[in-house]
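Go ahead and model the full structure; you've got the sequences and the hints to work with.
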Amino acid sequence: MKKMLQITLGVLTAIGGFVDIGDLVANAEVGARFRLGLAWVVLVGVGGIIVYAEMAGRVAAISGRPVFSLVRERLGPGFGLANLVASLFINFLTLAAEIAGVAIALAMVASVNYILLVPFTAVLIWIVVWRLPFERMEQVFGLGGLALLAFLFALVQFGPDWGNVIHQATHPSIAKEENLFTYAYFGIALFGAAMTPYEVFFFSSGAVEERWTRKDLALNRANVYVGFPLGGVLSLSIMAIASLVLAPMHIGVDTLPQVALPVAVASGKIALACAILGIFAATFGAALETGLSSGYCLAQYFGWQWGKYVRPRAAARFHVVVIVMVLLGVLVIMTGVDPVKVTEYSIVLSAAALPLTYFPILVVSNDPDYMGDKTNGPVLNFIATLYLCLIVIIAVATIPLMIITKAGA
Amino acid sequence: MSRVDPSKIDEATGETRRPARRTTPGIVVVCTIVVLLTVLAWRMVPHPVGAARTYGKYEGKAVTTAKSALSTVETVRLAARTASAGNAFGPYTALVISDAEEGLSGLQGTFDSIQPPDARADALAQDLDTLLSDALEHVRGVRVAARRGSLAELATVAEPLTDDASKLDAFDARHP
Numbered sequence: 001m002k003k004m005l006q007i008t009l010g011v012l013t014a015i016g017g018f019v020d021i022g023d024l025v026a027n028a029e030v031g032a033r034f035r036l037g038l039a040w041v042v043l044v045g046v047g048g049i050i051v052y053a054e055m056a057g058r059v060a061a062i063s064g065r066p067v068f069s070l071v072r073e074r075l076g077p078g079f080g081l082a083n084l085v086a087s088l089f090i091n092f093l094t095l096a097a098e099i100a101g102v103a104i105a106l107a108m109v110a111s112v113n114y115i116l117l118v119p120f121t122a123v124l125i126w127i128v129v130w131r132l133p134f135e136r137m138e139q140v141f142g143l144g145g146l147a148l149l150a151f152l153f154a155l156v157q158f159g160p161d162w163g164n165v166i167h168q169a170t171h172p173s174i175a176k177e178e179n180l181f182t183y184a185y186f187g188i189a190l191f192g193a194a195m196t197p198y199e200v201f202f203f204s205s206g207a208v209e210e211r212w213t214r215k216d217l218a219l220n221r222a223n224v225y226v227g228f229p230l231g232g233v234l235s236l237s238i239m240a241i242a243s244l245v246l247a248p249m250h251i252g253v254d255t256l257p258q259v260a261l262p263v264a265v266a267s268g269k270i271a272l273a274c275a276i277l278g279i280f281a282a283t284f285g286a287a288l289e290t291g292l293s294s295g296y297c298l299a300q301y302f303g304w305q306w307g308k309y310v311r312p313r314a315a316a317r318f319h320v321v322v323i324v325m326v327l328l329g330v331l332v333i334m335t336g337v338d339p340v341k342v343t344e345y346s347i348v349l350s351a352a353a354l355p356l357t358y359f360p361i362l363v364v365s366n367d368p369d370y371m372g373d374k375t376n377g378p379v380l381n382f383i384a385t386l387y388l389c390l391i392v393i394i395a396v397a398t399i400p401l402m403i404i405t406k407a408g409a
Numbered sequence: 410m411s412r413v414d415p416s417k418i419d420e421a422t423g424e425t426r427r428p429a430r431r432t433t434p435g436i437v438v439v440c441t442i443v444v445l446l447t448v449l450a451w452r453m454v455p456h457p458v459g460a461a462r463t464y465g466k467y468e469g470k471a472v473t474t475a476k477s478a479l480s481t482v483e484t485v486r487l488a489a490r491t492a493s494a495g496n497a498f499g500p501y502t503a504l505v506i507s508d509a510e511e512g513l514s515g516l517q518g519t520f521d522s523i524q525p526p527d528a529r530a531d532a533l534a535q536d537l538d539t540l541l542s543d544a545l546e547h548v549r550g551v552r553v554a555a556r557r558g559s560l561a562e563l564a565t566v567a568e569p570l571t572d573d574a575s576k577l578d579a580f581d582a583r584h585p
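Chains as they are written, first to last, in the working numbering: chain A, 1 to 409; chain B, 410 to 585.
In case anyone wonders, no lab produced these hints; they're calculated from the structure. Quick caveat: nothing in here was measured; it's all calculated off a predicted structure. Don't take each hint at face value.
[Unchecked claim] Restricting the straight-line Cα-Cα distance to at most 20 angstroms, the calculated cross-link-like pairs of lysine to any residue (SDA-like) are: (1) A:K406 - B:T519; (2) A:K215 - A:K341; (3) B:K476 - A:G377; (4) B:K576 - A:H250; (5) A:K269 - B:T519; (6) A:K341 - B:E511; (7) A:K269 - B:G469; (8) A:K374 - A:P355; (9) A:K269 - B:A579; (10) A:K341 - B:E510; (11) A:K269 - B:S559; (12) A:K406 - B:S507; (13) A:K406 - B:G469; (14) A:K176 - B:G469; (15) A:K176 - B:A579; (16) A:K406 - B:F580; (17) B:K466 - A:P248; (18) A:K176 - B:F580; (19) B:K576 - A:P248; (20) A:K269 - B:G499; (21) B:K466 - A:E177; (22) B:K576 - A:M249; (23) A:K176 - A:G377; (24) A:K215 - A:G372; (25) A:K406 - B:S522; (26) B:K476 - A:A175; (27) A:K269 - B:A561; (28) B:K466 - B:D538; (29) A:K341 - B:S507; (30) B:K466 - A:A409; (31) B:K476 - A:K374; (32) A:K406 - B:T473; (33) B:K476 - A:A409; (34) A:K269 - B:K476; (35) B:K476 - A:D254; (36) B:K476 - A:G372; (37) A:K406 - B:V472; (38) A:K341 - B:G515; (39) B:K476 - A:T405.
What follows is the structure in structure tokens.
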């Protein structure tokens, strides 16, 4: 049991990365509009995040330092600053949206407008960051997010024609109401959702928080090979059940509560309750991930003490950064801005900023000064370089596609 | 390699950090990010339906609006049927329907804000606006029933939406 709980860092990272509020809505929207025509993108994204998260975890375990702190040292303060600015901006947008997502999840059971729940949510997030030990936080919200398996349950219970489902997933096609540009746009959104930068920063910092060493390399691989594919399974389940329930009725998805509707249709109240619990845990986990990731990035760039493994007083600036980010996120959401739109833009913009995150990881993980004899092998380097080329192409195409498709409208 | 205490990095490595390498692309990247922020600020304005200078463009906006409205109406119908069948609970159902009502109201407001370019577009606007108003009134009725906890009767209350959905679908078909 203890060994199983050791993979909760990977599970939490994947839950917060693959099924945060934006991904929940994006997966359901893609399922409703394209059915399973973009399922292959999730698989490609899972492959990419496995490759790079494993590197990030290995860097943390061997060097004892998280990736972000090494980026500035290895590639210079200019590059590090660019990475910091991009990461903080994306983290901020995502954190604001996740705070709203948690409030919306509570509103699904409370009959209270979610705006009124936002301050309460922010306080809850702060209490967890301040008081809950890192490992406990992983276990609670990582395992809580597994309640999203209700979508997989609903999919199975719906009793689809599995042959048709598999055919759709393995024969990508563009729905006749769509065009190549919107297909590419949503493909990029899904890929960006799978490889959001805060996932690797959180994962590598979490590895240092848990004091991983060379002896934990197998644990690193277990986290990566279990956690991220699990996130992929959840994404595909949401996409598939939406394609079966919503697509035939020409229902588009643009709110978080709509995402759980197919579960209610297919499996009833108990499954719906599990789905809502999973949405709460996933968005809360993502809020923790992005909030802490903001603190990690800033503190590691400036060389401040950081982390939950020391007393808050010893990492005061780190905790102040997290609190300030949460407060700013609350202020943004209280203006009434649509949190789903906020996070969808952050997903797409993070796709544009991916090279800033993943290129340094590839460089550092090949540097024997940091990695000793645990640098990348040739096969891994080949795969990682292919992904890096793909990431660069995506980064270049993102903004033009956003403009051409009017953000997928 | 021995365990490293991150709070004592310099002591643990036992040597000074390597001097950071200058990278001039850093400034280029920061400038790129500023451009991206500007694009984001522009795109964040929620106005998916822009101005229409010709009847063709106006008709296109109308069809987009009708399709979105149809999606909203179908969402409410599905939520109402699901709740009546005992598969969804009250607060959740009420929230889904409230969100749909808000969305539909927003769609109507956005479409009404577009200036019709000519008299033919005026007739089109009147036609669609009537459909949207009817749908909104019926969605409001479902919302009220849901908030009052009348889940068992929700499917009955939502019956007029079947006609609204057909009319919106027919509107879409008339204006390809």
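Q: Could you check the structure against the hints above and give me the numbers of any it violates, in ascending order?
A: When the structure is compared with the hints, numbers 2, 3, 5, 7, 8, 9, 12, 16, 17, 23, 31, 34 and 36 turn out to be violated.
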